[in-house]
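One line per chain: the protein sequences are A and B, in this order. Position one of the first sequence corresponds to residue 0 (numbering that gives the first Met the number 0), numbered consecutively onward. Position one of the second sequence corresponds to residue 0 (numbering that gives the first Met the number 0), numbered consecutively onward.
Hints are computed from structural coordinates only; laboratory data are not their basis. Glycine is no exception: its CB is placed at the ideal position from the N, C-alpha and C atoms. One should not assume that every hint holds.
[To be verified] Just so you have them, the derived chain A footprint on chain B, three or more residues with Cβ under 8 angstroms:
#	stretch
1	144-157
2	168-176
[Said to hold, decoys possible] Using 30 angstroms as the maximum straight-line C-alpha spacing, the simulated DSSO-like pairs for lysine-lysine come out as follows:
#	chain 1	residue 1	chain 2	residue 2
3	B	Lys93	B	Lys280
4	B	Lys280	A	Lys251
5	A	Lys134	B	Lys251
6	A	Lys134	A	Lys176
7	B	Lys132	B	Lys285
8	A	Lys251	B	Lys134
9	A	Lys134	A	Lys285
10	A	Lys82	A	Lys285
11	B	Lys63	B	Lys37
Number of protein chains: 2
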Amino acid sequence: MAVRGAPAIGATGAYAFVLGCQAMQEFREEEIDVLKNKIVGARPTAKDLETFVIELHEFVMREKSISLPPLVTLARSLADESKEECRLIGEQAKSLIRDDMGVLTHCNAGALATVDYGTALAPIRFAHYEGKKFKVFVDETRPRLQGMLTAWELAQEGIDHEIIVDNAAGFFMQQGKIQLVITGTDRVIRDGTVTNKIGTLEKAIVAHHFGIPVYIAMPWTTFDPNLIDSEQIPIEFRSAEEVNEIHGETSKITISPLGSPASNPAFDITPPEFITGYITKDGILKAEELYPFYVDQINNNN
Amino acid sequence: MAVRGAPAIGATGAYAFVLGCQAMQEFREEEIDVLKNKIVGARPTAKDLETFVIELHEFVMREKSISLPPLVTLARSLADESKEECRLIGEQAKSLIRDDMGVLTHCNAGALATVDYGTALAPIRFAHYEGKKFKVFVDETRPRLQGMLTAWELAQEGIDHEIIVDNAAGFFMQQGKIQLVITGTDRVIRDGTVTNKIGTLEKAIVAHHFGIPVYIAMPWTTFDPNLIDSEQIPIEFRSAEEVNEIHGETSKITISPLGSPASNPAFDITPPEFITGYITKDGILKAEELYPFYVDQINNNN
Numbered sequence: 000m001a002v003r004g005a006p007a008i009g010a011t012g013a014y015a016f017v018l019g020c021q022a023m024q025e026f027r028e029e030e031i032d033v034l035k036n037k038i039v040g041a042r043p044t045a046k047d048l049e050t051f052v053i054e055l056h057e058f059v060m061r062e063k064s065i066s067l068p069p070l071v072t073l074a075r076s077l078a079d080e081s082k083e084e085c086r087l088i089g090e091q092a093k094s095l096i097r098d099d100m101g102v103l104t105h106c107n108a109g110a111l112a113t114v115d116y117g118t119a120l121a122p123i124r125f126a127h128y129e130g131k132k133f134k135v136f137v138d139e140t141r142p143r144l145q146g147m148l149t150a151w152e153l154a155q156e157g158i159d160h161e162i163i164v165d166n167a168a169g170f171f172m173q174q175g176k177i178q179l180v181i182t183g184t185d186r187v188i189r190d191g192t193v194t195n196k197i198g199t200l201e202k203a204i205v206a207h208h209f210g211i212p213v214y215i216a217m218p219w220t221t222f223d224p225n226l227i228d229s230e231q232i233p234i235e236f237r238s239a240e241e242v243n244e245i246h247g248e249t250s251k252i253t254i255s256p257l258g259s260p261a262s263n264p265a266f267d268i269t270p271p272e273f274i275t276g277y278i279t280k281d282g283i284l285k286a287e288e289l290y291p292f293y294v295d296q297i298n299n300n301n
Numbered sequence: 000m001a002v003r004g005a006p007a008i009g010a011t012g013a014y015a016f017v018l019g020c021q022a023m024q025e026f027r028e029e030e031i032d033v034l035k036n037k038i039v040g041a042r043p044t045a046k047d048l049e050t051f052v053i054e055l056h057e058f059v060m061r062e063k064s065i066s067l068p069p070l071v072t073l074a075r076s077l078a079d080e081s082k083e084e085c086r087l088i089g090e091q092a093k094s095l096i097r098d099d100m101g102v103l104t105h106c107n108a109g110a111l112a113t114v115d116y117g118t119a120l121a122p123i124r125f126a127h128y129e130g131k132k133f134k135v136f137v138d139e140t141r142p143r144l145q146g147m148l149t150a151w152e153l154a155q156e157g158i159d160h161e162i163i164v165d166n167a168a169g170f171f172m173q174q175g176k177i178q179l180v181i182t183g184t185d186r187v188i189r190d191g192t193v194t195n196k197i198g199t200l201e202k203a204i205v206a207h208h209f210g211i212p213v214y215i216a217m218p219w220t221t222f223d224p225n226l227i228d229s230e231q232i233p234i235e236f237r238s239a240e241e242v243n244e245i246h247g248e249t250s251k252i253t254i255s256p257l258g259s260p261a262s263n264p265a266f267d268i269t270p271p272e273f274i275t276g277y278i279t280k281d282g283i284l285k286a287e288e289l290y291p292f293y294v295d296q297i298n299n300n301n
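Pulled out of the complex, with its shape left as it was, chain A reads as follows:
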């Protein structure tokens, strides 16, 4: 958790792969496979990690060389592409945000979770740069309180926002204070099923009930075109301590009674029926458009 956020994990994984190669004496396939699996296995849910590392792994296997300069160049270009993709996500979706809107976001899908700009926060940032006046409702996002990172980013930009507990989004939706939900994602599978920070499923169901659109900001590195069965999405369970303890800068507080266990799934799975659209660098797509669009892209690139 020194690095978090699917695209940031991906870019960091790419550099980790480069550093791993640097530590090797010579090109040896088995050792490089071990390196790849170790890095990819560090965080099972976010697809970007696999996407980035596989790209470097394939390059090394093709070249049969662990010569560093081309590896560094490739890692850097992947990171730069990721940053540019976030910028385009912002440009594509900034028009979703209109004056006087309330915009809910969950977790942190900002610059701190990506190479820059963020995914969900990119449209919010760019709408703000255009002078639009709106308010962002920031879910605190227990257990790890990533909403505080979002609040910090918004405060840096001077974007109007309010932190709310994760229990309160439904209340503000019912009161008509929220007109739009935008989140990031850790993995989108072929049919558009979204894996994202725990709580996204609840927010999406509740927003759907109130007729509020839900958009997922998604770099293509997060897309998992080959996964069809949502039951095969790996969901990381993290330690009970994340629930039972709150960490401050210099101290921690235990909030749970002794002897009470906690269960801590870090992500959940939101079916496409609750998602209004997927914000990609190429435009805002519907669930059923994702896979055909992706295949077309691949074909055009080859």
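Starting from the known structure of chain A, fit chain B onto it as the hints suggest.
Frame of chain A; chain B shown alone:
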């Protein structure tokens, strides 16, 4: 917040009224009205407070006396009735809980929130006493983490339970781990609309989506038969500090960045369409049965 939980607030309010009378020199209507309004206004959302205090206030006005012995007797009998009502709620609803179930509860509606037994926790307690094996999923219930009180109560009884963050209930529902939701309530109005701890609305909507029944454990002191318009339910907003700071036994941690405001509604409003039944001492009623049943009771008592 030294006292919390609608029935506990009600019983405490009754004794507060007695203490207020004790501090008076003589029976003076205006002074007694001021006392009543001051106590009732201390917590606007929970109906029980008003119910308990009005009963004592009417008694004093009828007797035109603040003589303590009969007042103490009345306050004690109201508290005893409240305890007995919780016991009956437990008896009426324990059969809802079956072996191998997962039962979700939100906030604390246990002995710590009532005179004894609890409302939502009474059926859970009594099902456990009968030897049923089930697991309680305990929402931590931010911002004030009343779920930890629930966890503590369940641990005392040796009832199997797991604490989860408020974001995770939907995940466990989707996974088929939760078959029943039971919560308490702070106020139920004529049509069955439920006011309860912030987050209840989200849990009820999500449970409804997954076809999981939601029961509200309700003493009649929580019923507000004269309130028809849910928009007139008073919702208490509490301080931003409850969101921004976590308090331990001896220290506190600030979790939010400097300069980020927070908004903190303490309760939300759940429409009757999401409630399967209302557990009363007289049985489990449907929303549309509540008011007619209440009127019948009043007529039978007169």
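A quick look at each hint next to the structure:
Counting residues of the stretch 144-157 of chain B whose CB falls under 8 angstroms from any CB of chain A gives 6; the rule of at least 3 is met. Using a Cβ-Cβ cut-off of 8 angstroms, 5 residues of the stretch 168-176 of chain B lie near chain A, which meets the minimum of three, so the contact claim holds. Proximity of Lys93/B to Lys280/B is assessed by CA-CA distance (about 12 angstroms); at most 30 angstroms being required, the pair is judged to hold. For the suggested pair Lys280/B and Lys251/A, the alpha carbons sit about 43 angstroms apart, so the restraint of at most 30 angstroms is broken.
Proximity of Lys134/A to Lys251/B is assessed by CA-CA distance (about 29 angstroms); at most 30 angstroms being required, the pair is judged to hold. Simply put, Lys134/A and Lys176/A have alpha-carbon atoms about 9 angstroms apart, close enough for the 30 angstroms limit, and the pair holds. For the hint pairing Lys132/B with Lys285/B, the CA-to-CA distance comes to about 27 angstroms; that is within 30 angstroms, so the pair holds. The suggested pairing of Lys251/A with Lys134/B holds, with an alpha-carbon distance near 29 angstroms, which does not exceed 30 angstroms.
The hinted pair formed by Lys134/A and Lys285/A meets the criterion: a straight-line CA distance of about 26 angstroms does not exceed 30 angstroms. A C-alpha spacing of about 23 angstroms is found between Lys82/A and Lys285/A, which places the hinted pair at or below 30 angstroms, so the restraint holds. About 20 angstroms separates the Cα atoms of Lys63/B and Lys37/B, which keeps this hinted pair within 30 angstroms; it holds.
In summary, the one numbered hint that this structure violates is 4.
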